[in-house]
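4 protein chains.
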Amino acid sequence: MSSMIAAFSITPLGSGESVGDLVAETVHIVRASGLPNETNAMFTNIEGEWDEVMAVIKACVDTMAQAAPRVSVVMKLDHRPGERSGRMSRKVESVEHKLSKGSARPG
Amino acid sequence: MSSMIAAFSITPLGSGESVGDLVAETVHIVRASGLPNETNAMFTNIEGEWDEVMAVIKACVDTMAQAAPRVSVVMKLDHRPGERSGRMSRKVESVEHKLSKGSARPG
Amino acid sequence: MSSMIAAFSITPLGSGESVGDLVAETVHIVRASGLPNETNAMFTNIEGEWDEVMAVIKACVDTMAQAAPRVSVVMKLDHRPGERSGRMSRKVESVEHKLSKGSARPG
Amino acid sequence: MSSMIAAFSITPLGSGESVGDLVAETVHIVRASGLPNETNAMFTNIEGEWDEVMAVIKACVDTMAQAAPRVSVVMKLDHRPGERSGRMSRKVESVEHKLSKGSARPG
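As you go down the protein sequences, you meet chains V, B, R and C in turn. Residues are numbered in the numbering used here as their position in the first sequence, beginning at 1, plus a constant of 181. Residues are numbered in the numbering used here as their position in the second sequence, beginning at 1, plus a constant of 181. Residues are numbered in the numbering used here as their position in the third sequence, beginning at 1, plus a constant of 181. Residues are numbered in the numbering used here as their position in the fourth sequence, beginning at 1, plus a constant of 181.
Same shape as in the complex, but just chain V (with noise of 0.2 Å):
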């Protein structure tokens, strides 16, 4: 019945591995978790509730940690607790929808 999405970006410092290869790999555990979740050029969006979501993000950063002597994590929380799910899409539907309106514009 809560509601949080997470951005997240790891990066692995000190690495000589592929990193594009690293970053692959925990796409696919995120995609694995079942949670609902979209990767951009900049972060992988996740939403759940607070131990599942940083259970995945953990998972992650695990993952990374094998490969690299060091890891840079960079996460953003959108916090709601007893909102329904869904959030993720619902939040860029209602910006469109907005925009498509004009109601964004002023004049």
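Possibly wrong hints are sitting among the right ones.
One copy or two, it doesn't matter: identical chains are merged, so the pair holds either way.
[As the list claims (entries may be wrong)] As a list, the in silico EDC-like pairs of lysine to aspartate or glutamate whose alpha-carbon atoms are at most 16 Å apart:
{"hint": "1", "residue 1": "K272", "residue 2": "D202"}
{"hint": "2", "residue 1": "K272", "residue 2": "E219"}
{"hint": "3", "residue 1": "K279", "residue 2": "D243"}
{"hint": "4", "residue 1": "K272", "residue 2": "E233"}
{"hint": "5", "residue 1": "K282", "residue 2": "D202"}
{"hint": "6", "residue 1": "K239", "residue 2": "E264"}
{"hint": "7", "residue 1": "K272", "residue 2": "D232"}
{"hint": "8", "residue 1": "K239", "residue 2": "E277"}
{"hint": "9", "residue 1": "K279", "residue 2": "D202"}
{"hint": "10", "residue 1": "K239", "residue 2": "E274"}
{"hint": "11", "residue 1": "K279", "residue 2": "E230"}
By construction, these hints were calculated from the structure, which means they are not laboratory data. Please read all numbers here as calculations on a predicted model, not as lab measurements.
Using the hints, position chains B, R and C against chain V.
Chains B, R and C in isolation, oriented as in the chain V frame:
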């Protein structure tokens, strides 16, 4: 000839107005810039030179600041001088390509 | 034997209450944790294992969520498994040391 | 008459050089700016007008970009137009004051 991708999110604080309308207005500013951009549930991504990207973000912040006494901004920049543009889509395609080949999964 | 430093910032949204009191309450939670910590103008830094650090941050978010319908969190993690603790102060000392030697300045 | 506090962190990627020296050099640039600033284990905080703060951050990024093919930057801005300067220290003092009074703790 430079290429920077910025993910940014602007939050008005202490405003009585609808946040949704303000967010939509900043997305309109981003799209009118002509720079490659994409808005998801947590961030807006935009690609270009440092100065042109920062000018767009500043215009968005100024718009928010007209309606709220305080504005919080979170930004993540991926700066790769000398690389050709179009990275915003290439980064996502690269991950999808690796995942479709299964190269990202051990075994 | 692991060492993670987390910088986090929690913003309550849509709350009529004083943000300052809520922020102070979360700082109190952090200090009561016994983990090395430091609060500056923008973030609170805290050092420890992933699980103990995340438990503290979750307690802070839950406190904020009691007073605000929506809570925004920004986190940056510097994860270095296997390194001994005390990195939070060592990182700053290292920069100051380099600056005092002038080794950081060309010429 | 405006007041913005920026917390920023710059990470060089794909560089063989010591990250520590590069970090120290950017801290030197920040201190030479004359703007109020503070460097902790995770971020450097700097206070001023949007344009002057962004000029300092850009100079730091350009310095990093001379030594690394790719530079990642994370920024959080607290923008409060019209407020008098000195917020960076006032924000921390305010939290400490509340904690010392015990007003932040229920019971």
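Consistency of the hints with the structure:
no., hint, verdict
1, K272 x D202, "between (30 Å within a copy, 12 Å between copies)"
2, K272 x E219, "both (13 Å within a copy, 14 Å between copies)"
3, K279 x D243, "neither (40 Å within a copy, 20 Å between copies)"
4, K272 x E233, "neither (21 Å within a copy, 27 Å between copies)"
5, K282 x D202, "between (42 Å within a copy, 11 Å between copies)"
6, K239 x E264, "neither (24 Å within a copy, 18 Å between copies)"
7, K272 x D232, "neither (22 Å within a copy, 29 Å between copies)"
8, K239 x E277, "neither (33 Å within a copy, 22 Å between copies)"
9, K279 x D202, "between (38 Å within a copy, 7 Å between copies)"
10, K239 x E274, "neither (29 Å within a copy, 25 Å between copies)"
11, K279 x E230, "neither (28 Å within a copy, 29 Å between copies)"
Hints 3, 4, 6, 7, 8, 10, 11, counting from the list given before, are not met by this structure.
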